[in-house]
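**Student:** So you can see what is in the structure, the chains are spelled out below.
Protein chains: 2
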Amino acid sequence: MTDFNPIMEQAYEAFLSYQFCSGRKKKAFLYAIADALNALGEPLLTTAAEETHLPVFRFEGELARTCYHFRAFGDLVEEGSWVEAVIDKKDEDRKPLPRPDMRKMLIPLGPILVFGASNFPLAYSTPGGDTASALAAGCPVVVKGHPAHPRTSALVARAIRKAIKDCGLHPHVFQLVEDSSFEAGKLLTQHPRTAGVGFTGSLSGGRAIFDYAQHREVPIPVFSEMGSTNPVILLPDALKIHAEEYAKAFAGAITQGVGQFCTRPGIQLAVESPDFDRYIHMLAEALAKKKVFKMLHPGIHDNYTATLSKALATKGVETVFHADAPGYLEAAQTLAKVRGRDFISNPQLHHEIFGPFSLMVVCKNMDELKAIWKNLAGQLTTTIIGTEQELIAHASLIDIARNIAGRIVFNYIPTGVEVANATVHGGPYPAATDARFTSVGMDAIKRWVRPVCFQDCPDDLLPDELKESNPLGIMRKVDGVFTR
Amino acid sequence: MTDFNPIMEQAYEAFLSYQFCSGRKKKAFLYAIADALNALGEPLLTTAAEETHLPVFRFEGELARTCYHFRAFGDLVEEGSWVEAVIDKKDEDRKPLPRPDMRKMLIPLGPILVFGASNFPLAYSTPGGDTASALAAGCPVVVKGHPAHPRTSALVARAIRKAIKDCGLHPHVFQLVEDSSFEAGKLLTQHPRTAGVGFTGSLSGGRAIFDYAQHREVPIPVFSEMGSTNPVILLPDALKIHAEEYAKAFAGAITQGVGQFCTRPGIQLAVESPDFDRYIHMLAEALAKKKVFKMLHPGIHDNYTATLSKALATKGVETVFHADAPGYLEAAQTLAKVRGRDFISNPQLHHEIFGPFSLMVVCKNMDELKAIWKNLAGQLTTTIIGTEQELIAHASLIDIARNIAGRIVFNYIPTGVEVANATVHGGPYPAATDARFTSVGMDAIKRWVRPVCFQDCPDDLLPDELKESNPLGIMRKVDGVFTR
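Chains as they are written, first to last, in this note's numbering: chain X, 263 to 746; chain H, 263 to 746.
The hints are simulated quantities; they were obtained by calculation from the structure and are not laboratory data.
The model shown is predicted, which means the values in this text are computed figures rather than measured ones.
Take the hints with a grain of salt, since some may be wrong.
Same chains, same label: a pair holds when it works inside one copy or across any pair of copies.
Straight-line Cα separation of at most 30 Å, DSSO-like style, residue types lysine-lysine; simulated pairs [to be verified]:
1. 502 / 626
2. 636 / 287
3. 510 / 287
4. 632 / 502
5. 287 / 556
6. 636 / 729
7. 708 / 357
8. 357 / 427
9. 357 / 510
10. 739 / 351
11. 729 / 577
12. 626 / 510
13. 510 / 424
14. 739 / 287
15. 636 / 448
16. 708 / 352
17. 510 / 351
18. 577 / 510
19. 551 / 577
20. 552 / 448
21. 352 / 510
22. 551 / 632
23. 572 / 739
24. 352 / 424
25. 739 / 352
26. 352 / 502
27. 502 / 427
28. 552 / 502
29. 502 / 739
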């Protein structure tokens, strides 16, 4: 077993200086990481492909996205308004007592521990959004490397270390722990210097890490992004008019990345009708045209096979299409259907089946559909497919959607998570352990910071973000008014 | 034992409508609460005084503050920008895929459970900042009434119910549970409809509630504001020049509310010097001039007596002043001193002693002072007293301060927590269970909300906050730029 004490103490040492790193300097660092990752080029893409059984071209996109999020966070911290500076000026005349001068801003928490996912060895793992957002916040990062792609992680770590050196930062601003044991994750989470945790993966893993963190003498924030079935509601007119188009789109969404996307549409609900039958038929046909691919690793493959078999054997579940997938690690894309009442009475069908599978729930009417939908557990996404007219006629569906999910998608597939300002990748439990945050997009930085208030601090001693003259020119809330 | 199921189901029923209440309507409601509380007048003040053994005039101030925070939250939600609307517009031309339209805002979590404190039966209890901020967010509130002031809580609940009726809101937007058992708190925290918890009180109580919440099948956010010693650093020149003024001010801060303030300065550190000796002498004299008062209830009094006796009996601790307090519930204001090395070796001295007590820590030099300070647990506040020149000479002290506390006070007493935009009342554990939030001030509302993202939602179906035309005229971040 690795001795984690020096690792976390070094991360803390790095924090003592890195927490004060200016936005400009952090931008240079984050851009340098993007450049160094990009410079890894072909060997990185082929290594990731070898370790995941995914095609090389997929990693061209994933690398571009990963470089983009480092640069986007670089831009965010250079601009500087993300610290949410709030200033209430002194009021000598207030009765009965003068009001003091109070100024607050967000500051970094400390060393952040990152557990990456196996399905995106770049975008959601060692150089993923957790790492990028924590480094942007001013927090050193310790990544527990995912055992499914050690060589990819080692290449990435080399690139980040190069960026650290080129930027003259503390060498332990980033560390990769190459100990794949379960115990390693536990001990790193429990270490007193660990100030927060980002996790992407299964419900059982994410919950275990969350529990270790909450049982500490000093509990720490954990953002675990876990499972989701991403329910899709298909309204009648849209099914009548656009069945073919959506069948094609959803067949793609179900099989993309061999179904190993946390936003894959795992459940689709509609009221029984010939149009829904036709849609199911078209979707099965579209799935039949897809090639069979290998999954990431034996653990995921075994889990898919086992949970799928159990679902398909459930009373009332009818297999509509099940591909032939005899080879090692191959995943059979599968479509099944079930009546609403059978879905309700079999709670195991409500849980995520991680792989290229989707379950059609045939509801007897809108009331049954709504009752099923609103009783599902928390979701990363939920999708509503309908014509503009029927969306307006069913406006109350949005009231259900917003209470169960972090993101509501209209007339599009839920796979594909934008790195943007408005992104919410999170949601009510078990989509994530804290629905108040997102793990993707610019606000992912908010997981690793806390506010500190300076009361009557001499101007010279204030951080630049809070100085009277606003030398950084950031947006601030001064006496309740936004101003630069 | 009360049956809590109907209570929490009613709170959830109330949530189904109250979550959509407009900012204008919530403002009318919060103002109506302030008016109704104010209208309770003298009977409320005398009841609170009787139940707490605190003077009536104290409740004039506390009631004014309480009415103020309801109105301030009313103004905040009417203005509306607090929902942090963020919009990334569609980009049809983006390659390789068009960018969808994404719009997010904060929405309420659900029914919030509030555990009030005994030391502020108005400002931090039934009508406290937790209740006001949760109602402002759009969350119904269930208060578990504090057993130390049941009549005050009943009066307050009556006023809030009147405001609910006058405003035509769901009758269960606010409920008071008058079951003082420990089990009641546990069961309410564990109830599936409870979506978040606000707690103000002791470390043991706050941690217990936190643990219940994290052990749920679906963990929920808990903000427990717990203990703090609020360490004060006294620099040499300030002690030389201003000893008398600070001795007077700190004697007031130590004894205010019979020492029953969470921001009371419980530890003061300085380097040994004749000036520090003189300050300690003056502080003792100032404390000796203070009258002895009764504490809130026997539990708090017993705890003060016991923890104080233990501290005073600790090796190296010298009692400087200990008032004569023979009567029932009377608290002896007490001053003690200890050498830095004895403080370090006796960890029990590092914990809060809740009552009119302060411990002077005599350090042999600045290095020892810094080492002691930075190894203290998380704090609500920490204070630095120094002339402007020596603050600049010791600028690195601020680096320590910001890593241990939520609020850093310069040259003033830490008691007195402003209800303002820049307020941070929280801090690293054990000051609070999540340093990323505050329980006082406008941002207290952020504890009870989460973001939801609407992707490609037809404009007519968007909440007003996110509509293209910005009908509410709120500040929004559109494509990365703040705009109304």
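**Student:** Indicate, hint by hint, whether the structure satisfies it.
**Tutor:** Hints versus structure:
Taking the shortest Cα distances, residue 502 and residue 626 sit within 30 Å of each other inside one copy (17 Å), while across copies they are farther apart (83 Å). For the homomeric pair residue 636 and residue 287, the shortest alpha-carbon distance between copies (27 Å) is at most 30 Å, but the shortest distance inside one copy (47 Å) is not. Neither within a single protomer nor between protomers do residue 510 and residue 287 lie at most 30 Å apart by alpha-carbon distance, with minima of 46 Å and 46 Å respectively. In this assembly of identical chains, the alpha carbons of residue 632 and residue 502 lie at most 30 Å apart only when taken from the same copy (20 Å versus 72 Å across copies).
In the homo-oligomer, the alpha carbons of residue 287 and residue 556 never lie at most 30 Å apart, since the shortest distance is 42 Å inside one protomer and 56 Å across protomers. Only between protomers do residue 636 and residue 729 lie at most 30 Å apart by alpha-carbon distance; the minimum there is 25 Å, versus 48 Å within a single protomer. In this assembly of identical chains, the alpha carbons of residue 708 and residue 357 lie at most 30 Å apart only when taken from different copies (29 Å versus 36 Å within one copy). Proximity of residue 357 and residue 427 under a CA criterion of 30 Å is satisfied in neither setting, with 55 Å inside one chain copy and 33 Å between copies.
With identical chains, the CA atoms of residue 357 and residue 510 are at most 30 Å apart between copies only, with a shortest distance of 21 Å across copies and 68 Å within one. For the homomeric pair residue 739 and residue 351, the shortest alpha-carbon distances inside one copy (11 Å) and between copies (25 Å) are both at most 30 Å. Taking the shortest alpha-carbon separations for residue 729 and residue 577, neither the intra-copy value of 66 Å nor the inter-copy value of 45 Å comes in at or below 30 Å. Within a single copy, residue 626 and residue 510 get their C-alpha atoms as close as 25 Å, which meets the 30 Å cut-off; across copies the closest is 76 Å, which misses it.
Taking CA atoms no more than 30 Å apart as the test, residue 510 paired with residue 424 passes in neither setting, with 44 Å inside one copy and 57 Å between copies. In this homomeric assembly, residue 739 and residue 287 come within 30 Å of each other (Cα to Cα) both inside a single copy, at 25 Å, and across copies, at 25 Å. Taking the shortest Cα distances, residue 636 and residue 448 sit within 30 Å of each other only across copies (27 Å), while inside one copy they are farther apart (35 Å). Proximity of residue 708 and residue 352 under a CA criterion of 30 Å is satisfied in both settings, with 28 Å inside one chain copy and 25 Å between copies.
In this homomeric assembly, residue 510 and residue 351 come within 30 Å of each other (Cα to Cα) only across copies, at 26 Å, whereas the closest approach inside a single copy is 59 Å. When the C-alpha separation of residue 577 and residue 510 is checked against a cutoff of 30 Å, the pair qualifies only within one copy, where the shortest distance is 29 Å, while the shortest distance between copies is 78 Å. Proximity of residue 551 to residue 577 under the C-alpha cut-off of 30 Å is restricted to the intra-copy arrangement: shortest distance 28 Å within a copy versus 80 Å between copies. When the C-alpha separation of residue 552 and residue 448 is checked against a cutoff of 30 Å, the pair qualifies neither within a copy, at 40 Å, nor between copies, at 52 Å.
Proximity of residue 352 and residue 510 under a CA criterion of 30 Å is satisfied inter-copy only: 23 Å between copies versus 62 Å inside one chain copy. Taking the shortest alpha-carbon separations for residue 551 and residue 632, neither the intra-copy value of 32 Å nor the inter-copy value of 69 Å comes in at or below 30 Å. Proximity of residue 572 to residue 739 under the C-alpha cut-off of 30 Å is found in neither arrangement, the shortest distances being 55 Å within a copy and 46 Å between copies. For the identical chains of this complex, residue 352 and residue 424 are neighbours neither inside a copy (47 Å) nor across copies (37 Å), given an alpha-carbon limit of 30 Å.
Both within a single protomer and between protomers do residue 739 and residue 352 lie at most 30 Å apart by alpha-carbon distance, with minima of 15 Å and 28 Å respectively. Taking CA atoms no more than 30 Å apart as the test, residue 352 paired with residue 502 passes between copies only; the shortest distance there is 27 Å, against 64 Å inside one copy. Taking the closest pair of Cα atoms, residue 502 and residue 427 never come within 30 Å of each other, the shortest separation being 59 Å inside a single copy and 47 Å across copies. Taking the shortest alpha-carbon separations for residue 552 and residue 502, only the intra-copy value of 24 Å comes in at or below 30 Å, while the best inter-copy value is 82 Å.
Taking identical chains as interchangeable, the C-alpha atoms of residue 502 and residue 739 are never at most 30 Å apart, the minima being 50 Å within one chain and 38 Å between chains.
The structure is inconsistent with the numbered hints 3, 5, 8, 11, 13, 20, 22, 23, 24, 27, 29, although it conforms to all the rest.
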